[in-house]
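Novice: So the sequence lines, in the order shown, correspond to chains A and B. For the first sequence, counting from 1, position 111 maps to 111 in the working numbering; every step adds exactly one. For the second sequence, counting from 1, position 174 maps to 1174 in the working numbering; every step adds exactly one.
Mixed in with the good hints, there may be bad ones.
Said to hold, decoys possible - Listed below are the simulated DMTMM-like cross-link pairs for lysine to aspartate or glutamate, each with C-alpha atoms no more than 25 Å apart in a straight line: (1) LYS1167/B / GLU1151/B; (2) LYS1130/B / GLU182/A; (3) LYS1130/B / GLU218/A; (4) LYS1130/B / ASP135/A; (5) LYS1101/B / GLU164/A.
Claimed, not checked - To give a feel for the contact side, a few chain B residues facing chain A, derived at Cβ under 8 Å: (6) CYS1077; (7) ASN1083; (8) ALA1099.
None of these hints come from the bench; they were simulated from the model. Even glycine gets a Cβ: it sits at the ideal position worked out from N, Cα and C.
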Amino acid sequence: MTNERRIGRVAAHGVMITLSVLAIFPVYWMIQSSFRAENEIFSGGLFPSAPTFQNYLHVLSAMPILRILGNTVVMAGATTLAQVATGVLAAWALVRWRFPGGALARSLIALSWLVPFQVVMIPNYVLAARLGLLDSVAGLVIPNAAAAFAVLVLYNAMRGFPREVVEAARMDGAGSLRILLEVVLPNLRAPLASVSILCFISAWNEYFWPLLLIRRMENSVVQIGLQFFMTQEGNDWGPLMAAATLASLPILALYLVLQRQVVDSFMKSGIR
Amino acid sequence: MASIDITNVHKVYGRTPAVRGLDLSVEDGSFLVILGPSGCGKSTLLRMIAGLEDITAGEIAIDGRVVNDIEPGRRGCAMVFQNYALYPHMTVAENVGYALKVAGIRQPERARRVARVAETLGLGDLLERKPAQLSGGQRQRVAMGRAMVREPGIFLFDEPLSNLDAKLRIQMRLEIKRLHRELKTTSVFVTHDQVEAMTLADRLVVMNQGLIEQVGPPAEVFRHPVSRFVANFLGSPPMNFLPTAIDRRGRAVVEGGHVPWPELCFDLPSGAAIEIGLRPGDLSLVAQAGADDVLPFDPEILEDLGNELHLHGSIGEISFAVALPAATLVPAGRLGLRAAPGAVHAFRREDGRRVEPRARSNPPAHESGEAAWRSLSLSFT
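I would like the entire structure built from these sequences, with the hints used as guidance.
Specialist: Here it is, written out as structure tokens:
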């Protein structure tokens, strides 16, 4: 290896390491702060001098955090399932058949992605109120059961699926639903995994809609729960960081499980 | 086993016609090959038989039953695709057995039938592999097995050998031929490869621009092409074409006033333009001589194919190729070419249709056609 190339590689790695540290540091700060005692919370230093679980115990006693985490898992899981299911069916319909208005439907779906939440917030709220969905997990899931993002990502993935394979299945006598379930989907694991994880994260991080809809702490989701520690008298940093750490654990776990598929999928979409 | 009847079928994509009114029937048990350049509508026709393309107008009937509105899976056809189109996530056994699974046949029966097909095709050891772990030839075999397992009435082949290397292609060609002899299943095979077409076909269809140019046994299509297009498309190196004009006496006069085949007489008006087609293999080399039946030939490039020689050159402005036995010694300089009258094909200049000469009972003595050539103000550029 020549010197020039070596310098180039060192420089590239330097940049990547710096960016990684920048990305990871806030997470690290959150975790280490959650183990600090109250009097130490504003002091510098990279490690807590006397690590303590005090903040976690406080969080557990101050609010039904496990219940709230459970609610969030149910909400985010159901939202993800619904978005992937509707996305798969819609994308298949758009890819498989040419029908009058098909292109228009696709454009409208793409456009709906651009409509800000604030525009549909009030009609959604009125609808949820009339349907008796206020203060319920179902009320959080149903308005988000279909997402343009999922439809469009899966549409692209399916369009890239070889047409001849679908035709071979038609020659073999399989109907459209059967082709979707037995031939197409088993080959789309990577895009399905990445869509699922992104839908899950976005549902998990949902803040505004639950804030509007949820009244009682025991029906709440974790992003609302965090707010509990931010008061007019000042923020309760220790418990806040402990709750935030607890809130990020499920996402981390999911990511670890699906990491390979997600990275695969992003790499492929980058190459195309 | 089944027959196919195609009646006045059209296919239009948007405004572009792909198939423009086509009639064809395929007899039960026969092997039909559709040959043509890319874009001639041959694949579209096959896909319409399969049911993968809608039929714009006309009718396709299988065993007398019109299938225009019948789903592909219910037409009794199986198809082998150019890119194999195997299911990537299934093993070979699952790929082959998928049609049976869809048809609701139980696992033990399915396994038995898959095993039988696998044995015929020599796939026995590969049944648990995924398509990605197979070579091109093995994938092709699996694709064939998938078509065979249902015991369909009709096999449809869409250029199935074009992704294989030359050696494997010959091997698979023979395999297909052997399978057809054993199974006697009606087959329609689309290709742009004339060797495949000639060797596999019971009947050969040559298509051009959405229409059938000629249908017949391959030998007849080769020896008796009905149009310049067919003549040009079949044969390698392709047929040579020599512009000629008809003189008063119906003889074909080449540039310079020669009348190489005085015994051939065309029932065409004087001055009519025709092209004389000569296959490279029907030409023989003679030392340059002034004889009237010898065409002056300037050789340029000699290709030694091992089993024969191809000599490329020109007659006047027109490029010509000659196929010669391997042992031929080719002298340098200008040579002459001669062809027997029986080897002459003739096509009308204006529409490329074949014209048949009538043999003269008593050929007249050689007589120069120079005067006739001069009097015809024709240009053959």
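Novice: Among the hints numbered above, which are violated by the structure, and what are their numbers in rising order?
Specialist: Numbers 1, 3 and 4, in rising order.
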